[in-house]
Structures are given as structure tokens and as C-alpha cells.
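Novice: Spelled out from the first residue to the last, the chains are:
There are 2 protein chains.
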Amino acid sequence: MERFDIAIIGTGPAGISAALTAHARNKRFVLLGSTELSPKISKAHRIDNYPGLPMITGREFAEQLKAQLAAMEIPVTGKQVSAVYATGDFFTLQAGEEMLEADTVIVATGVMQGKLLPGEEAFLGRGVSYCATCDARLYRGKTVAVIGSSADAAKEAEFLAEIVENVLYFPISGELPSESEKLRIFHEKPVEIIGEKTVSTLKTDQGEHEISCVFVLRDAVMPDKLVPGVETDGAHICVDLSMRTNIPGLFACGDIAGKPYQYVKSAGQGNVAALSAVSYLQNKK
Amino acid sequence: MERFDIAIIGTGPAGISAALTAHARNKRFVLLGSTELSPKISKAHRIDNYPGLPMITGREFAEQLKAQLAAMEIPVTGKQVSAVYATGDFFTLQAGEEMLEADTVIVATGVMQGKLLPGEEAFLGRGVSYCATCDARLYRGKTVAVIGSSADAAKEAEFLAEIVENVLYFPISGELPSESEKLRIFHEKPVEIIGEKTVSTLKTDQGEHEISCVFVLRDAVMPDKLVPGVETDGAHICVDLSMRTNIPGLFACGDIAGKPYQYVKSAGQGNVAALSAVSYLQNKK
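Protein sequences appear in the order of chains A and B. So the first sequence is numbered by the numbering used here: it starts at 1 and just counts up by one. So the second sequence is numbered by the numbering used here: it starts at 1001 and just counts up by one.
Note that these hints are calculated values from the structure, not bench results. Built from N, CA and C at the ideal position, the CB exists for glycine as well. Be aware that a few hints might be false.
What the hints assert, rightly or not - Listed below are the simulated DMTMM-like cross-link pairs for lysine to aspartate or glutamate, each with C-alpha atoms no more than 20 Å apart in a straight line:
| id | chain 1 | residue 1 | chain 2 | residue 2 |
| --- | --- | --- | --- | --- |
| 1 | A | Lys66 | B | Asp1048 |
| 2 | B | Lys1259 | A | Asp240 |
| 3 | A | Lys189 | A | Asp205 |
Claimed, not checked - Residues from chain A that face chain B, not an exhaustive set, calculated with beta carbons under 7 Å:
| id | residue |
| --- | --- |
| 4 | Pro13 |
| 5 | Ser17 |
| 6 | Leu20 |
| 7 | Thr21 |
| 8 | Asn49 |
| 9 | Pro54 |
| 10 | Gln64 |
| 11 | Gln68 |
| 12 | Ala70 |
| 13 | Ala71 |
| 14 | Ile74 |
| 15 | Pro260 |
| 16 | Gln262 |
To be verified - Restraint ranges, calculated between C-beta atoms of paired labels, are given here:
| id | chain 1 | residue 1 | chain 2 | residue 2 | range |
| --- | --- | --- | --- | --- | --- |
| 17 | A | Met72 | B | Ser1279 | 30 to 40 Å |
| 18 | A | Thr57 | B | Val1191 | 30 to 40 Å |
| 19 | A | Lys66 | B | Arg1126 | 32 to 42 Å |
| 20 | A | Met72 | B | Pro1248 | 15 to 25 Å |
| 21 | B | Glu1063 | A | Arg140 | 54 to 64 Å |
Just chain A, with the same shape it has in the complex (with noise of 0.2 Å):
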């Protein structure tokens, strides 16, 4: 199993600018989100106050940072990670069907914004996933459904139309995915997940829906689910000044870490996430 140095878990300016840092450092490192990078970042009208960058539009910014990753050659690992383990001595994460090793990992997930859906945290495991790349396979011949927020969650129910007998795709932003018979588009507002043992149904603002599981797509989880035992202040990431966590060796920057939800603190703190680790880790040797 490849084992790095550093795992950064997000692609918005927190973790770009941890991984520029990484790089500069010569650690071997990871950069595992969106190829895509953050939709945050794309989605702003204007960027007035990042220095050195005048007047740009998000747009603009997120190419610069995709030509900036692309001149240091460090690649964009477009795979989600869906759990990090503190296993002792390094950490395990789940990504996508692959495990990973780490000796450190920095959480720049960015936060989640709105409410867990009724039913969603009481049911988590028992028919509600938030990884269409882990637990599909579970759902082989069975109709499900797709909550869909994240960047990535068109591609992931085409992907799970594939596998399982039928998608019901419940559009929240981003793009729509491509209707086929195995793939339908409900332009409805998922309200309560409900079931007994395990989720038996979607119920919406028009009506129900009979699923076998519902897949919560959304580019950022609850830090407490992604990361067994961290401290948490609500959706954030406790940090102290130097973005080490209350676990050794985690570290978290960017929105995840707390407000203000700014392009240039999410750079800094990345920055400073980044060479945290690298000490962590001169200090484990």
C-alpha cells in the first residue's frame, strides 16, 4: 500500500496551498478532491481583496491555481475519501475502493454548509452513504437515490446507473447528470429519509419515493463522520494557531477550520497546515 508523507484531503485554496508547500518542501505528499477544484471557487462573481490578484474573477482564479499545480507537476488524485482512521503510528484513509497510508493528513475539505436531511445521520450506514465509489456494489439490482451537491455527483450516478437497477437523481446544484432509462431526473426537495432497520424511503415536498439507499453527494461531510473522534465546534475542525488538530499528526485549514470563509485565510492556513506537518514529521523521525 503507498504509504505518503502528508495526505491532503480537499482542492479548494486551503489545500492547493498546503500541496505548493509540500511540494516546496520535497515531502511526499498527495492532493486527493475535485480535478475540478473547489465549485466555490469558480462560482465567485469577483475576488477584490486576495493580494497580489487584483480585481479577479473566480473563474480566472481557479485556472491560475490549475496552472499552478501543472507547472510544479502535482497531480490532482480526483478520488473522494470518504473516512480517515487514526490507526496509532500513521493514518488509514478510505478513498474511493483504495486505502491509503499517511503519516500526517490535512483536512481542507472545506464546511458544509445547510442542515443533515431528517433520517440522514440516524440512518448513515444502513441505507444512507455519502460515497456512490464505495457502496454501490451493495446496491446491485436495487433503486436508490441520489441527493446531488457536490461537483462530482452527476458523474457518480452515471456511474452508479451502471451498477445498481435504477437512479433517481434529486438535482440540489451542479451540473445535471445524463438522463437514461436507468437515470431519472426529479426536479423535487428531498425532506426525510425513513425507514425501520434500514432506509425504506425518500420522502420529498411532492410525494415518496421507495429506495433502497440514499446517497448524499455533498463536495464536504460533517468533520466528526469523516474523521472518527476529532473535535469538533459544529461543522468545524478545532485548530489552534498552527492547525494542528486534537489528534497528533491531523491537521485542518480553510473553511473547515472555521470562519472567516475567505480565499486568502484558507491560503494561509494551508500554508501554515503544510509546515506543521513537515515539522511533525522531522520531529517523528
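Chain B: place on chain A using the hints.
Specialist: Relative to the frame of chain A, chain B by itself:
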């Protein structure tokens, strides 16, 4: 007297970032520091981990920042702040011969490199000065020494030579002043400041000079000299994640707020400090 919402001290990445955000939030602010911006920026050979600006040189980065300030019509007030007094509800700043008032202050002066000279602290205010503009006239008809480390030290020494009898200039870094009958340059290393009630002698590695005052001109000073009462840790001001200090309404960011000394970390903290100041102003109303 002019009263500002926010006084920002320092024109490195932290101070400029704070100014851009204060401007975006429509605050009445003043940006105080060298109009050449931080000399530490221009000196950087190449910056390879600033997200959005691939492989930029320090000089190019400084030019970008200047252009951005100009585009936003944010003036740099080229005054050196020698003291910040927390006077209960607001702050009074001594900037050269002027006094300014502000409801909040953001300290982004950079960190003092190196150590104080023996005697420097003991004689501060009794023949040791950090501000030529403030104290020149006290030494009319006298001989003074200038230890020049700051970007503006050469200019300040030339100004001093117009007022006092003789200036002995000891260059540490930066440009040299123009020599004249009243201003002579000594390539000697100052090692101690000596006196009884007040300063009488500057000792160097090559001899002793009889003088009435030693002007120690650095870009950054010790923070507790700049802001009496602020909580410090060595040369750093203690801050929390929101860049708050122990003094309500006073914020610090960039190198003076602790390591690592990195451009993007400073820029990020400047943004956070400005937003914390905005929030403090809102709560004060």
C-alpha cells in the same frame, strides 16, 4: 484630530491584505508604513508557494501589490508609528510628529530580527530613540549616531543631519545615505550603548564614539515597546485564531503574530484581522 475605524501599521503582505479587506468592507482606515512596502518582499529571490502567483519574484510581487493598492485608490501613509496607546475606548497612535486616533488597530509591522544591543533597552527614552522624526529636535547642536537597518534609515539620517550638529551613520542593511560634512558613514559594528543617566558613548568593534543619542532604526521594533501592555512571547504578539490580542480592539497579524514567516500566511492573517476588526466595530455600536 483624524479618527479612523481601523489603523493598520505595516505595509507587508499582512498589512496590505488587511487594507484590501477593510476597503472591501467600506471602513474608514489608514495604512501606515513604508511607501516602498516591506523591503523583505522585494528581496525575495523567488516565491514558489503563493497560490495564484506561480514562480513570482519578490520584486514582481511587490509591484503587483503596489498596483493593486493603486487600483483600489488605497494610499500608503509613509509615516512610522512609534507608539500605540490604548486609551480605554479607542487608540492614540504617535506617527512621526502627528497623533492619530482609531477605534481599532492592526499591528502588522513584521518581526524584529536579531537581538537588542546591550544598553538599548535600559537607555530607551534617555538617549536611545526609535524615531528620528519624533526626537531629532531634542538633539539640536549635538552629535548623534544612527544604526541603520530599516528601509527608510538612510533618508531619516539625512533628515537628522539637517537638525542636529553631526550624524555618525552605522549601516547594517539597506541603502547608504549621502555623506556630507555633517553626516559621516562608519563601517563599524555597534556592540554596546554606554552611559550613566543618559547615553554618552556608542561602542563598536573598532572603538568608541562620544554621542548624545543613538537612533536605532529598524523596520520592526519589539512589540511591547510599540504597544505598552500588549501580551508578548519574545518578539511576537500573542494572538488567537481571530488575530485578537489581549487588548480589546487591538489585532496583530503576519510575522509579528508568530511563525511561520511566509507571505501567504501573513496575507491570510491580515484578512482575518481586518474582518475581526470589522466585527469588533459592529459590536461596539
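Novice: Using 7 Å as the Cβ threshold, decide whether A/Ile74 counts as touching chain B.
Specialist: Given a least distance of 11 Å, the restraint on A/Ile74 is violated.
Novice: Hint check: is the beta carbon of A/Ser17 less than 7 Å from a beta carbon of chain B?
Specialist: Constraint on A/Ser17 satisfied, holds at 5 Å.
Novice: Measuring from the C-beta of A/Gln64 to each C-beta in chain B, is the shortest one below 7 Å?
Specialist: holds, 5 Å
Novice: Please check whether A/Ala71 passes as an interface residue: C-beta within 7 Å of a C-beta belonging to chain B.
Specialist: holds, 5 Å
Novice: Against chain B, run the beta carbon of A/Gln262 and see if the smallest gap drops under 7 Å.
Specialist: holds, 5 Å
Novice: Compare the distance between the alpha carbons of A/Lys189 and A/Asp205 with 20 Å, and conclude whether the hinted pair is satisfied.
Specialist: holds, 5 Å
Novice: Starting from B/Lys1259, check that the Cα of A/Asp240 is at most 20 Å away, please.
Specialist: It holds: about 13 Å lies between the C-alpha atoms, which stays within 20 Å.
Novice: A closest beta-carbon separation below 7 Å is what the hint needs, so does A/Asn49 meet it against chain B?
Specialist: holds, 4 Å
Novice: Quick one, are A/Lys66 and B/Asp1048 close enough, alpha carbons at most 20 Å?
Specialist: holds, 14 Å
Novice: A/Pro54 was flagged as interface toward chain B. Is the shortest Cβ-Cβ separation under 7 Å?
Specialist: holds, 4 Å
Novice: Using Cβ atoms only, decide whether A/Pro13 comes closer than 7 Å to chain B, and label the hint accordingly.
Specialist: OK, holds: A/Pro13 within 7 Å of chain B, min 6 Å.
Novice: Looking only at beta-carbon atoms, does the pair A/Met72, B/Ser1279 fall within the given range of 30 to 40 Å?
Specialist: Since A/Met72 and B/Ser1279 have Cβ atoms about 36 Å apart, the given range 30 to 40 Å holds.
Of the hints listed earlier, those the structure fails to meet are numbers 12, 14, 18, 19 and 20, in rising order.
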